[in-house]
Amino acid sequence: MKVRITESLDIDLVKELWCCNRCGYELISARMNYKEGCLVRARDPSDIFQPLVKNQPYTFAPDPNWCRIVEFYCPQCGVMFENECLPPGHPITHDIELDLEKLKIKHGIHVERSKGGIT
Amino acid sequence: MKSRIHVDVGGTFTDCLVVFSNSLINAKHPTLPYSPIESFMATVTNCADELGMKVEDLLRMTSEVRYASTLAFNQLFERKGPNLVLLTTAGAEDAIYIGNVHWLDSLNNRRGREISPFAKRPVPLIPRNRCLGIRERVDSRGVVIRPLDEEHLRDQLIQLSMQDVDGIVVSLLWSFLNPTHEQKIQEIIINEFSDTNLSTAPVYLSSEVAPIRGEYQRTMTTVLNAYLKFTMQDEMMSITDHLRQRGYKGPLLMVQNNGKVTDVWRTTPVSIYNGGPVSGLMGGFHLAKQYSSNIITTDMGGTTFDIGIIADGSPLPHELQPVIEHWSVGINMLEVSSIGAGGGTIVKLNHAQGNLLEIGPASAGAVPGPAAYDLGGTEPTITDADVVLGYLNPEFFAGGKRCLNRERALRAINNRIARPLGIEVVEAAARIRRAIDELMGHTILHETIMRGHDPREFTLFAYGGAGPTHCCDYARIFEPSRIITFPFSPTFCALSSSYLRYGQTYMYSKPFVLMSQLGVFTEDYSGFNKIVSNLESQALEDIEVSLGEGRTTTFALELDLKFGGQVHVKRVLSPRIYLKSCADARAIYDAFVNAYSYSFSPFSLYPEGGVIIETFILHAMLPQEPVVLPTYHKYSTSASRALKERRDVFWINEARWISTPVYSFDLLQAGNIIEGPAIIEGSYTTYVLPSGYRFTLDVHLAGVIERIH
Amino acid sequence: MSHVDQQELLNWLKPEKPSEYELDCTKKIGAVDYVIYGEKLKLILTEAMNVLINCGVSDTTMSGDVGVVLCTAEGDAVSCNLGSFMHLVSSVLPIKHIIRRLKNDPSVGVREGDFFFCNDPLYGSVHNSDQIIMMPIFHDGNLLAWAAATAHTSETGATEPGGMPVRARSRHDEGMHFSPIRIGERYKFRSDLLNMMENFALRSPRTFIIDLRARVSCCDRVRLRINELGHKKGPDFLIGLFRLILMNAESSARERIRGWNDGIYRAVVFTDSIGLKEGLQRVALTLTKSEDSLSFDFTGTSPEHEGSYHAFPHTAVAHAAIYLLGWPFHDLPHCTGTLAPCEFIFPPGTVLSPREEAASSNSVMIGSAIMSLLPQCFSRLMFDSPQQELVSAPMGNTGSGCVISGLTQWGLPVTDMLAYPLNTEGGGGRVNCDGVDAMGFPWCPAGKAPNVEDEENNYPFICLFQKYARDSCGHGLYRGGLGAQFAIMPLLVDHLTQMSHAMNSRRHTAQGLFGGYPPRVIPGIIIRNTNLLEHWASCDIDITDDIHDLIIRRTLAGEYCFTAHFRPTELLHKGDIFIEFSSGGAGYGDVIERDPEGVIADLCNGQISSWVAEHVYGIVFDPDTLVLDLNKSKSRREAMRAERCLKSLPYRQFLESWLKLKPPDEILKYYGTWPDAQPNRNIFRF
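Residue numbers (this note's numbering), protein chains in the order written: chain A, -1 to 117; chain B, 9 to 717; chain C, 22 to 707.
It is possible that some hints are incorrect.
[Unchecked claim] In the DSS-like style, the derived pairs of lysine-lysine whose C-alpha atoms are separated by at most 25 Å in a straight line are:
#1 B:578 <-> C:209
#2 B:88 <-> B:128
#3 C:48 <-> C:35
#4 C:49 <-> C:298
#5 A:52 <-> C:298
#6 C:668 <-> C:655
Derived by calculation from the structure, the hints in this document are not laboratory data.
Just chain A, with the same shape it has in the complex (with noise of 0.2 Å):
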């Protein structure tokens, strides 16, 4: 059974997988950030900002030495799961990290008790 996390990302709860909301492509197990199992791409801030005026050292757009937006896809479809504004070099955020034991309960799925929740 799959229980939707987001607005684009389901997890499967059987087969403890992250999957796409609009494709259903499996990403990456549950357990793990769900990004590992993305495609991912850095842009420079004025692909989606317009500067609006040049040469000077302030505009509309982000500068991107203090920051690039890192999108994360799904591999099938290319629907944006999330993206996220980093300074260059910045570890990617593990945003979402589920008691998976509780969350299968909560949905009715029998859970044995030796699996480990969250540490």
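Following the hints, put chains B and C in place on chain A, whose structure we already have.
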């Protein structure tokens, strides 16, 4: 002998009350929204019939007609108004779209606590792409710092003239101080575009409609008036024309939401908004003197349920920040709350939420009306539930003037509610009735305690066509000390308009120093007096034009005052209309200080800043003879002469059919007492008296309902 | 130095343990009475708020950066009318200081007729512009409750006008700081203290005094009404009611938390200024939800520094309250009981837990990071829950605060922060619709933007532009709400001074949600030495009606200066145009999924530009008529999807090159160690 006619046009019914000699005659007729004159004349004719007169004779003897109407506002709610355009100062085009920020514009603190993450902005009355920025600018002194760019304006108007334009609202910054640019724009449109689409589009200037500071409120007041003007004008003209043809020579006075009436040609849509319910509140206010000092007024009509609160010692409640639909307006409006819960309110099942029973707010109106009206309605309504349960007599609805078709009511409820839920029709009807009574009861509870009162200390006035039919059940939620219904309950708002004084208000906004920072009072008495006398002259001229010569007019002057350095003003009733001496100026100052200390706190008095008058508000009023409730001889407590039959009624509380005595209201006498369960049938309403309640008819034929302990 | 321990302050936020007597009193409150009189308390505070707003003067007071709070005799907040939810937290702490440290001190004490003042952040204020009056409420000689009224009054006598000096290096640059002090006795101000306080605010003494009086008036109104209620229902009733509210609030909050999925939710945001200077800083949150409790761990946040963008731990919690009471717990009682299931962890020495002498007048700037972090974590927490409809991207949370100072057209000195740019930030895109355009002031949901005419009535400038700013929103499946553009020029005086405390000119702090983009950044712009009034008078050039077009086309001659968004005090002369923007809200969801008709509608309404419609949303349309070409748009978007897959890398491969990158050293001075943000410098404040 002169008579007076009072008419209240509601969403479902048009009510009329005629005061003729010492008698009060009332009548009700379904509102025909596309032909208001028809319903208007039908009610007047009914009253004339009851008096044994021809309509023309009655009208000839009528000194004034008072009129309250909601019709124009349906257009607002349905967004079916004219295609307007807004011309405003370039750079400030989003004034009405951003508003004072917040999706619930003119947010008041009560609603503020319900701020939710779910809110949305209302759909604007003028789409953003029909708002044009005009290149001009006046500053805060009224000085022109950017002359009107007439060439650019003409280009914009040429573009406009190729579109559908039903009206042009012009609202420029600071126009109330210096209207020349607004007037020039109007002049150019009229003179230079007379052979285009724009020639038939009226031009509304904010400096004329609402000369107050604050571009958002000023513009929205003007926009609303423009949006509703045609519909209102059509309605008014058709009524005045028809009345004149039938022999009426007096004025048509409109009931306004500031609790006054004024001549129809002086009034605006914004000022008549909610006039009927406000009139009912004023009626309650006057009757409070006879019955109780704490009143909750409830009016359950065909479409809406209106609630007003009058608390002992408090002045009449004004809206702190008056709102029409979603927008702030710059007017003085009395406070009446409304929800969509009336006899014609449609009941549905919400399939998305597990077949939850939903009450309204949509109404079946007068046409097709409830299914029981047999006019083609198939949606079940509250009236249909009351018919099925036996509360309403299908043979004797509206005083016998209308028959209800119980079969149709049964079918509507069965098809839409009972069958989908898998329950019996009677059970479905019972649920409907319980749901609406709870909704109304909880709304009253909420509104009362939101104003800081304990409803158990209040008397409930129940009026409107459906008020007496439901009042005992909705009162269970908040347990008022007693309930009072009036013989003219169904047309209460129409009657109440008789209490309203004729009044017009004139404003002048410009800073005037009353006291300097050094504590010296003004000596510019002539400056002050000239402002007031100009307003007075205007008022007298208008009244003469509207009502003819020789009317005794009284004036009251209010002033918006503040301490220097402050932002907000305090409106105060001035103890002097003219200044003749330092003592007069001081009297005004003292009145301000007292009012300020009382409303806010003595801690915040700041005389070191001096005192400034920001706005002069002159009220011109005519005296009013209110209607006196007739008094009747008191008879015995026995009501047996009025008992006409028994019928089976399904009482909700007992959840079963009980053979119930039915009385005829017209045969009851003052002093009679009836204990529930009982039904009392009147001409335009049915009183439902459950077990545990006692109904006593007092000397004014008002029904006083109390719990039996 | 101070008598306060920061951790102790945090502990004071938890409701006091009830006495047996209090618990007995709760048993006397029936269900109907609870509803009626709980509502009655709110209404008393609403009435008092009305007094505060009507008697107050400063723009921020008018905008709603205020709070009226009712506390128990022990200082727990049971009801409030706000304003800003921050003030729920910041009211409790100085009251509890008075109760614990001053009440039984024979040299001070607490008596009927007293009222107290506090504005020192070390004792609980958000920053020293947020000033509070606290009034004890007695019944028959016994302390029954406290009323507290907070309002932001700009001028505090700091090194720069406006009370939030960007150049402050320590608290000693920030002007007036008062720990809780009695300034009124027997219902009268002590004129010696009033005089002294007024002298701190000599740049704007009238505003200071009027606002101070307004707070006292407000508290006095609460006192009167609570006294009436006490006489009518008896003090036991009120004591029972207060305690019942706290208990019910906590149990309701725990019930709600239980309905969410246990787990760990992490987010990071970044700021681009410390006040004094530019510099990258990180604020990190690890939110752990377990059973019916929440733990907020801010470990990983950048270290403290020499500037003024600091917040003490309780101020950080006050900012968290803005989101918590505005969203996940919006329908629960607004009292400290609701926050009781939350634990907050602040390692020492970060921007959220600096040493005592740190400058904090701009705490709201770093506090904004918290307002951007919480929606990230909670949206992930609430999506799979009955509260899914509350999921939304954050507002911009920029707080474009520009302060003007000088003489008004009436010849009086004034310093104030302008309300309009603060109160028009866009709402975040939501789970099922766009964010609200110009939604409000992120710190205060009830804030209001003034009319131009109100502004110009009070201040000697002219508002040239005051309207929506196109493209200011974060884009997404559901876009954020638009922010606004705003420009003023001195008119009735020859010059004014202005300063701005703000941020988000190099990068934005807010992040988008679930694929939505953050809003654009905001440069500081002033156009100097224009002859705008002469050009207007002669109509000789085409000056556009939109700031974006003005700075692109430059038809108006002048010196166009682009700086960081925050600006220290400088003079504005007649002819200088000061430009400000409020931020749009962040976007929600993937831009490629936004309804093409919605994009075209935004374009027709001037809310987005053609560039954004084409490049960001992938929509194809006729440039002249703006009519949508649906088929070509579909193809374009298919191509964008394909491009995404083609130009991106699998995660591990991506990391190989990504982790080799690093920002330039000059912007990492205040960051801490890279990338963990651990302290790596000694901070000297002098």
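Cross-check of the supplied hints:
For the suggested pair residue 578 of chain B and residue 209 of chain C, the alpha carbons sit about 24 Å apart, so the restraint of at most 25 Å is met. Straight-line distance between C-alpha atoms of residue 88 of chain B and residue 128 of chain B comes to about 20 Å, which keeps the hinted pair within the 25 Å bound. Straight-line distance between C-alpha atoms of residue 48 of chain C and residue 35 of chain C comes to about 22 Å, which keeps the hinted pair within the 25 Å bound. A hinted pair counts as satisfied when its Cα atoms are at most 25 Å apart, and residue 49 of chain C with residue 298 of chain C does not qualify at roughly 58 Å.
Proximity of residue 52 of chain A to residue 298 of chain C is assessed by CA-CA distance (about 23 Å); at most 25 Å being required, the pair is judged to hold. Distance check on the hinted pair: residue 668 of chain C and residue 655 of chain C sit about 20 Å apart at the alpha-carbon level, within 25 Å; holds.
Violation of the numbered hints given earlier is confined to hint 4; every other hint is satisfied by the structure.
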